[in-house]
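Take the given structure of chain V and dock chain H to it, following the hints.
Protein chains: 2
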Amino acid sequence: MQKSVVIVGGGAGKRMNSDIPKQFLLLKGKPMLMQTISRFLLYDPDIRLILVLPENYFPLWQDLCDQYQFHHKIQLVAGGKERFYSVKNALEYVSGLIAVHDAVRPLVSEMAIGKAFSLAAEKGNAVPVIPANESLRIQHEEGNQPLDRSKVLVVQTPQVFRYELLKEAYKQKFKPEFTDDATVVESLGHKIFTTDGNPENIKITTPMDMKLAELYLSDPRFD
Amino acid sequence: MQKSVVIVGGGAGKRMNSDIPKQFLLLKGKPMLMQTISRFLLYDPDIRLILVLPENYFPLWQDLCDQYQFHHKIQLVAGGKERFYSVKNALEYVSGLIAVHDAVRPLVSEMAIGKAFSLAAEKGNAVPVIPANESLRIQHEEGNQPLDRSKVLVVQTPQVFRYELLKEAYKQKFKPEFTDDATVVESLGHKIFTTDGNPENIKITTPMDMKLAELYLSDPRFD
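Protein chains in written order, with the working numbering: chain V, 1 to 223; chain H, 1 to 223.
Same shape as in the complex, but just chain V (with noise of 0.2 Å):
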């Protein structure tokens, strides 16, 4: 079955007089975003690559694709105003199995993507998870009270579903309870199916998970 992968880095309204978002940033001497985008052609070298970014950086992504001879057929899609509608924009150029995920995230393993590339073939749907390693606790009206963690799931991308399943999905109207693209097919009713995330597929959000995010990729797992 055909696979896509739609990495989603950013939405409209993204300025350039700010400060250059986190995935352009060189991490082990290239650019985050092409170090994510590697991952996948790693796993799947005829991976359809779909890149959603907002529109004012793609001539910074063309430049830095010269600078970098990074020269791989990708589809480039502006971002929409919530996260929602830039997955939405990037689902007229896939079919088969479709991976979303975080750009902001490269140091995903080989073996996660296979594992939710090969669970989404088999069930529809699949989402990348690793076990809560702190204690928990929440909060409600009175006070909060203990969690048990041992029931907790922290959750990663690619988040890979069946083409039909996430088209139907994306056609609802946005609802601010859609963190991710689970929820989003969650919200027609489909039970979520979760496979094996590796810990080091960190969101790199900070100066310090870049640094981390360094270190991780100095190991030789990461060459």
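Note that these hints are calculated values from the structure, not bench results. Note that the structure is predicted; figures quoted are calculated from it, not measured. A couple of the hints might just be wrong.
[As the list claims (entries may be wrong)] Restraint-style ranges between C-beta atoms, simulated for each label pair:
#1 Glu-214/V / Leu-42/H: 25 to 31 Å
#2 Leu-26/H / Pro-45/V: 41 to 47 Å
#3 Asp-148/H / Pro-131/V: 15 to 21 Å
#4 Asp-219/V / Phe-174/H: 38 to 44 Å
#5 Ser-150/V / Gln-69/H: 42 to 48 Å
#6 Thr-206/H / Met-1/V: 33 to 39 Å
#7 Leu-26/V / Asp-148/H: 32 to 38 Å
#8 Asn-133/V / Asp-148/H: 18 to 24 Å
Glycine is no exception: its CB is placed at the ideal position from the N, C-alpha and C atoms.
Positioned in the frame of chain V, the structure of chain H alone reads:
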């Protein structure tokens, strides 16, 4: 009010022939345990120090203190077979306000320590927490569902308590759901109060955590 900190560094049954526990490893040129203890001395040079270790590691600790000229007045206490018994063993050496802290959390900030002591002085207990910054799901019998992460708190130490409260709580029989001191106190029906932890205050359990801790410690805030 007299302040004490119980540094919990492991229980009975830890063999010398296995790997040296993380708390003795060097972190920025000093055994981790000394980094951890130093945080509390920075907060209050007069704080009473109680260190719970597996009894067979007492000689190693003494050697390290000589080697690193770490000569503070520290009460050594032998660990029990569960963390619960380790803390309980330490309680005969404390009074006033008691902080209980994981030995493998050397990155706690002075501010987090200070806030926890202040709140506990006022309310009787205080538990440092940070927000959950990842998407979460919760498992139940039929599958799993999204968990509103805005309501989830990640629990850290030091957890601080008034002596009488902690002493009373530790008269209970051990239950497996006693995963930290807050759960022991809560089991008596007391409400738990939360305060701001610091995000760097990770629990060091893996070699990668060690590297991350080195990164954090290279930050001027930790000098």
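Here's how the hints hold up against the structure:
1. A hinted range of 25 to 31 Å for the beta carbons of Glu-214/V and Leu-42/H is consistent with their spacing of about 29 Å.
2. In this structure, Leu-26/H and Pro-45/V meet the distance hint of 41 to 47 Å, their C-beta atoms being roughly 44 Å apart.
3. For the hinted restraint 15 to 21 Å between Asp-148/H and Pro-131/V, the CB-CB distance of approximately 19 Å keeps it satisfied.
4. Between Asp-219/V and Phe-174/H, the C-beta spacing of about 40 Å keeps the proposed range 38 to 44 Å intact.
5. Restraint check, Ser-150/V to Gln-69/H: a C-beta distance of roughly 43 Å satisfies the suggested window 42 to 48 Å.
6. With their beta carbons about 37 Å apart, Thr-206/H and Met-1/V fall inside the hinted range of 33 to 39 Å.
7. About 35 Å separates the C-beta atoms of Leu-26/V and Asp-148/H, a value consistent with the hinted range of 32 to 38 Å.
8. A hinted range of 18 to 24 Å holds for the C-beta pair Asn-133/V and Asp-148/H, which are about 20 Å apart.
The structure shown violates none of the earlier numbered hints.
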